Structure formats: C-alpha cells, structure tokens
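There are 2 protein chains.
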Amino acid sequence: MSSLPKIASIGFVGVGIMGQSMAGHLLAAGYQVHVYNRTKSKTDALIAKGATWHDTPGAVAAQSDLIITMVGFPSDVEEVYFGENGIIASAKEAILVDMTTSSPSLARKIAQEAAKKGLASIDAPVSGGDIGARDAKLTIMVGGEQAVFNHVLPVLQKLGTSIILQGGPGMGQHTKMCNQIVIASTIMGVAEGLSYAKKVGLDPAQVLQSIGGGAASGFQLNVLGAKMIIGDYAPGFYVEHFIKDLKIALSEAEQMNLALPGLSLAKSLFEKMAAKGLQRNGTQGIFQIYID
Amino acid sequence: MSSLPKIASIGFVGVGIMGQSMAGHLLAAGYQVHVYNRTKSKTDALIAKGATWHDTPGAVAAQSDLIITMVGFPSDVEEVYFGENGIIASAKEAILVDMTTSSPSLARKIAQEAAKKGLASIDAPVSGGDIGARDAKLTIMVGGEQAVFNHVLPVLQKLGTSIILQGGPGMGQHTKMCNQIVIASTIMGVAEGLSYAKKVGLDPAQVLQSIGGGAASGFQLNVLGAKMIIGDYAPGFYVEHFIKDLKIALSEAEQMNLALPGLSLAKSLFEKMAAKGLQRNGTQGIFQIYID
Numbered sequence: 000m001s002s003l004p005k006i007a008s009i010g011f012v013g014v015g016i017m018g019q020s021m022a023g024h025l026l027a028a029g030y031q032v033h034v035y036n037r038t039k040s041k042t043d044a045l046i047a048k049g050a051t052w053h054d055t056p057g058a059v060a061a062q063s064d065l066i067i068t069m070v071g072f073p074s075d076v077e078e079v080y081f082g083e084n085g086i087i088a089s090a091k092e093a094i095l096v097d098m099t100t101s102s103p104s105l106a107r108k109i110a111q112e113a114a115k116k117g118l119a120s121i122d123a124p125v126s127g128g129d130i131g132a133r134d135a136k137l138t139i140m141v142g143g144e145q146a147v148f149n150h151v152l153p154v155l156q157k158l159g160t161s162i163i164l165q166g167g168p169g170m171g172q173h174t175k176m177c178n179q180i181v182i183a184s185t186i187m188g189v190a191e192g193l194s195y196a197k198k199v200g201l202d203p204a205q206v207l208q209s210i211g212g213g214a215a216s217g218f219q220l221n222v223l224g225a226k227m228i229i230g231d232y233a234p235g236f237y238v239e240h241f242i243k244d245l246k247i248a249l250s251e252a253e254q255m256n257l258a259l260p261g262l263s264l265a266k267s268l269f270e271k272m273a274a275k276g277l278q279r280n281g282t283q284g285i286f287q288i289y290i291d
Numbered sequence: 000m001s002s003l004p005k006i007a008s009i010g011f012v013g014v015g016i017m018g019q020s021m022a023g024h025l026l027a028a029g030y031q032v033h034v035y036n037r038t039k040s041k042t043d044a045l046i047a048k049g050a051t052w053h054d055t056p057g058a059v060a061a062q063s064d065l066i067i068t069m070v071g072f073p074s075d076v077e078e079v080y081f082g083e084n085g086i087i088a089s090a091k092e093a094i095l096v097d098m099t100t101s102s103p104s105l106a107r108k109i110a111q112e113a114a115k116k117g118l119a120s121i122d123a124p125v126s127g128g129d130i131g132a133r134d135a136k137l138t139i140m141v142g143g144e145q146a147v148f149n150h151v152l153p154v155l156q157k158l159g160t161s162i163i164l165q166g167g168p169g170m171g172q173h174t175k176m177c178n179q180i181v182i183a184s185t186i187m188g189v190a191e192g193l194s195y196a197k198k199v200g201l202d203p204a205q206v207l208q209s210i211g212g213g214a215a216s217g218f219q220l221n222v223l224g225a226k227m228i229i230g231d232y233a234p235g236f237y238v239e240h241f242i243k244d245l246k247i248a249l250s251e252a253e254q255m256n257l258a259l260p261g262l263s264l265a266k267s268l269f270e271k272m273a274a275k276g277l278q279r280n281g282t283q284g285i286f287q288i289y290i291d
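Sequence order for the protein chains is L and E.
Here numbering that gives the first Met the number 0 is used: the first residue of the first sequence is 0, the next is one more, and so on.
Here numbering that gives the first Met the number 0 is used: the first residue of the second sequence is 0, the next is one more, and so on.
Same shape as in the complex, but just chain L:
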C-alpha cells in the first residue's frame, strides 16, 4: 500500500435512500463530493448542494481520495468495482470503502485487487436504515487494516456513531451477517407469537403491552411487531434485500460447515413471501405468511 492520501474529495457511488443522506452529510462537512448513480435523477438534490456528477463509477474514482460504494446486490458491487469503467481500474492513490451489505468473500477479493494496485480498502457495511443514515447515527462494522481504519475514521464519524474495526478484510461483512442472522429468526418468532395471538382471539396490541417489556422485548417485537399488528408493511428494509443477505450468510455458514437451521427456515419463509410478489414489502411482512 502506498501512503494514505489526505482526504479532501470523496466519491459516492450509489445514492439510494441511505446513500443520499450519507453523501449529504459529507457535503455538509465540507468535502468535495463526486457522485454516480445508475438512475441519474437520484443525484439531483446532491448536485444542487454542490456535488459533481460523473458518468461512470470509474470517473468518480479518478477524482476522489476516498470512494464510498453503497449499492444493492453483490452483483452491483462486482460491477462498480470490476466492470467496464469500474473503480479498481480508475482509482489513483485512493481508499476504497464498500458500505453495501455484501459478501465477505467479495470484500476480500476487493481488498486483494485493490492491494495489487497499491490502493487501501475497507469493508464497512452499516445498520440503522434510512433513519440512521438521515440522523448520521449508523452502526458501521469495519473489516480491514488498523492504519486504514484510523485514517478514514473521521469520515465515518460524519455518518455513524458506533464504528468498530471488527477484524481484517471481510470481517465487517461477517459482522453484518451476524446481525442479519439474529434478526432472521427473531422476526420469525415475532410473527409466530403475534399470529398465535390473533388466531386464538386475543387482542394483539394488548398482548404486545404485556410481553413488550420483558424477555421477549426488542426492536423486532416492539417496533416491527407493532407494525404487523396494524398491517403496516411499508418497507424499512426490503424483503428482497434481506433474502440477499440471508443467502450470503447461509452460503458462508455452509463453507464453514456450520448448520444454521433457524436461518435456513427464515430464509425459506421470506422466499415464500417473494414468490407471492411481496418482496418489496418490509421484513415485518413475514407476518402475512402466517395470517393469510
């Protein structure tokens, strides 16, 4: 790795709901921000605030000391890093920061290919959703080298409040997988408990009052369970993205010979939702599988 560049200009590739907020915080902090997004119109608000548009991820990378990617699927990550006009080919003395929730193996591949070109990189997936992004209170789980982490920390601190280096390349992604694995079975349990309540003739809202303060309590029950009860399936987190994450986690677990039957089961239920055309609902929509 060459010496780490002073960070004045930041590239942002992928400005969906979360990315727009995040890039906005970086602009507000005084960085020069270069943006690319598959759908150009989503960059309009950022350009109005001073960001510079480029036609390809590679063109963004060529102008940036640090490049953040926040796209959808691992295939999108592959594309923006390794595709035609991609980041790896065009970046110069830059630091690559993939904040997409993506595969740990791909994170290691990016780190290796970046290193070959003398580029530093970290994987830094987040949790906290659109609200966490808007309020700059994301949890950021980082994999990479300590020196690189230290160098980019001031940038990450514009985006999140819990920022932990969890290990070497890929370990940020692995930590995010732990998060998704816990959530997968938890939301299944919430849906099962509340569907039992409904089926047996209890008032689920009143049941939540009883059980929401004890050993069953948590974000999934108290926030998403409350949405299930009122039939609010608007996405905080899309089912189709969750299925993507659960597939990555299962694939990694299989490679380690680790059986995760709860995760397998939860994934099959979310796939059942997708098969019904419900993949653009929020994850709390798993309730629909039980009550329909």
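Since the hints were made in silico from the structure, they are not lab data.
Note that the coordinates shown come from a computational prediction; the quantities given were computed from them, not determined experimentally.
Intra- or inter-copy, both count: the list cannot distinguish identical chains.
Here are the simulated SDA-like pairs of lysine to any residue, each with C-alpha atoms no more than 25 angstroms apart in a straight line:
{"id": "1", "residue 1": "197", "residue 2": "107"}
{"id": "2", "residue 1": "266", "residue 2": "200"}
{"id": "3", "residue 1": "108", "residue 2": "197"}
{"id": "4", "residue 1": "198", "residue 2": "266"}
{"id": "5", "residue 1": "246", "residue 2": "264"}
{"id": "6", "residue 1": "266", "residue 2": "253"}
{"id": "7", "residue 1": "246", "residue 2": "263"}
{"id": "8", "residue 1": "246", "residue 2": "15"}
{"id": "9", "residue 1": "115", "residue 2": "2"}
{"id": "10", "residue 1": "243", "residue 2": "203"}
{"id": "11", "residue 1": "226", "residue 2": "212"}
{"id": "12", "residue 1": "266", "residue 2": "249"}
{"id": "13", "residue 1": "266", "residue 2": "221"}
{"id": "14", "residue 1": "243", "residue 2": "276"}
{"id": "15", "residue 1": "266", "residue 2": "218"}
With chain L held as given, fit chain E onto it using these hints.
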C-alpha cells in the same frame, strides 16, 4: 359465582425460587399467608416470617380467601387442584389464582370446575423470572372475568407492575404462550448469530458491541447473548421448563391449525439439549448445540 370474599388470608401452593419471593411480599403487605410445598424445607423462611404451614393444598385452600398456585408442570397443576386433598374439593368461597405457566385448556377446566362449586378463578401466569419476583416487578397476564380481576388486582399489585386482563379463562395462559413463542425463535437466532461470529473468527463480545444497539437488539441478545459469550449457562429459566411451555404452545397451535415452524424447530433444538443432559441449564444454553 357467589359474592367475592374480602381477602384477608392468602394461600400459596408452590414456593420455589419465585414463589418464595412472592409469598414474602404478601406477608410483608399484611396478609395472613398459608403455605404448602412438596419439599417442606422450602417454606422454612416464610414460616419464620409468619406464614402457616399446612400438609396439603386442600388444607391451605380451606383456610384461604384467595389461593395462589405456582408449581412446575401442568401435571402438578392438575394434582394440586384435582388430586387427593386438592384445592377444588376444599376451597370455600375462595378465589383461585393459578400463576403457573400451564396449558390454556387446563386453565379453562379449572375455571369450569371452580364455577360449579361457586368459586371464582383467574389464570395469571407471569414473566420476569426470579429477579422480577424478588423486586415485585412481574408482568402478570390474566385470563378471567373483569369483576374477579378487579377484586384481586390489589393483591397482584403486590407482586407485579404490568398487570393486564387479556380476556376470559385461559387467555392469560395464551398470552404467556405468545411470549414464549417469540422468545423461542429469538434465542435460536441469537445463538446462530453468535456461533457464526465465533466460527468465523470474530470476537463475539466485540460483535455484540456492534449489533447490540440496533435492529437485532433486545433482552435475548443483550442479556442472554452476553451470557453465551462468556459460557455462563446458569439458569435464569430452565430448559426443561421452557420445553414444557413450547410443547403446550405447539399443541394449542396445532389445535388451531396454525403452523409455527420456527417454534417447532426451536423446540427440537431444546429437546436435543435435554437429550444431552443439559435440561437444567438456562435457555441460553442453546448456544451449546451450535458450538459443540
């Protein structure tokens, strides 16, 4: 139902860890307390504080305006209510309050048999464990008639802080089942997430720092997950009692034609623990199934 009695004397059948604390609060509140327990020595401390020992549940019932039962399994509930020298045969103008986590069907049977004798009754299982019992901060989920609920509320308020009438006879037990159903899959998810962390070479305690404040957060992850990480399997809640609860919930769900695959799976994992002789560990011991 005859008119509801003024409550001066309270019977307490079953003074295990939780029952001892609860009966102690009632003594402290000035009630006359009559006690029976299968193992007599467990009543010693209460007797020293002024409680009166009786040789059978029936003898307790004959002296009490309100009788609380807090025993282990539905078979124990059957025994103390309907067995030789049981409560139903001996109670006179009393109110029966089963606080054991037991089957909703059995709760309805108790209510029916009590009514035939002109006795009032409620089912009132709790959550909050030994600490909730000790601090009189239990969650109490009640099934029964409103008038009976209102009448016994001042007694229950000596034991808990969240006390809600959820419906008619059996509905307290059904509410507790909702709680256990949510917990069953949740703790499975926590064990899976942390076993993934361990297997992949992350520091699970550091992972918990990242994921314990977000969408995965909750009592099961933050309290019991933390115990898994340090290998502390001391029981807050025994696996053997949890299996009992999950069997009741599954049986009730089957009767309603409600498929709860997460619950079925979690139950099978806890049974695997029991088959290994780990049934007296706490529920967080499910982690042992994954890491062994």
